[in-house]
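Using the sequences and the hints, build the whole thing.
Just so you know, this note's numbering puts the end of the sequence shown at 184, numbered straight through with nothing missing.
Wrong hints could be hidden among the right ones.
[Said to hold, decoys possible] Derived DEER-like restraints, expressed as beta-carbon distance ranges: (1) Arg147 / Val173: 18 to 28 angstroms; (2) Gln129 / Gly176: 37 to 47 angstroms; (3) Glu150 / Leu175: 13 to 23 angstroms; (4) Gly126 / Ala162: 16 to 26 angstroms; (5) Gln129 / Cys163: 16 to 26 angstroms; (6) Glu133 / Gln171: 30 to 40 angstroms; (7) Trp165 / Glu125: 28 to 38 angstroms.
None of these hints come from the bench; they were simulated from the model.
Note that CB positions come from ideal geometry on N, CA and C, so glycine has one too.
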Amino acid sequence: EGARQALIEQHSQNEGAPAGAFRQGERFFDQWKQGDAACNWSAEAAQRVALGTDTTGLEL
125 EGARQALIEQ HSQNEGAPAG AFRQGERFFD QWKQGDAACN WSAEAAQRVA
175 LGTDTTGLEL
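Following this line, the structure appears as structure tokens:
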């Protein structure tokens with residue numbers, strides 16, 4: 125939620141900037157969110173395996 129608010133504030137600061145620059149920032153933000161989600165998923169999976177609570181059937 126904090127990241128979303130930062131993006132909204134950045135948008136208001138960049139109102140005079142070319143649209144392409146803002147779209148590039150959005151792409152970078154989306155890539156960052158996807159990478160963060162993948163990292164969190166792998167950390168969660170490793171923790172479940174370490175604690176013996178993995179019920180997914182996945183072999184890591």
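Hints, verified against the model:
At about 39 angstroms, the CB distance of arginine 147 to valine 173 disagrees with the hint of 18 to 28 angstroms. Checked against the hint of 37 to 47 angstroms, the pair glutamine 129 and glycine 176 passes, with Cβ atoms roughly 39 angstroms apart. Distance hint for glutamate 150 and leucine 175: a CB-CB separation of about 37 angstroms, inconsistent with the stated range 13 to 23 angstroms. Taking 16 to 26 angstroms as the suggested C-beta distance range, the pair glycine 126 and alanine 162 conforms, at roughly 20 angstroms.
Between glutamine 129 and cysteine 163 the Cβ separation comes to about 22 angstroms, which falls inside the hinted range of 16 to 26 angstroms. With their beta carbons about 34 angstroms apart, glutamate 133 and glutamine 171 fall inside the hinted range of 30 to 40 angstroms. Checked against the given bound of 28 to 38 angstroms, the beta carbons of tryptophan 165 and glutamate 125, roughly 19 angstroms apart, lie outside it.
Comparing the model with each numbered hint stated earlier shows that hints 1, 3 and 7 do not hold.
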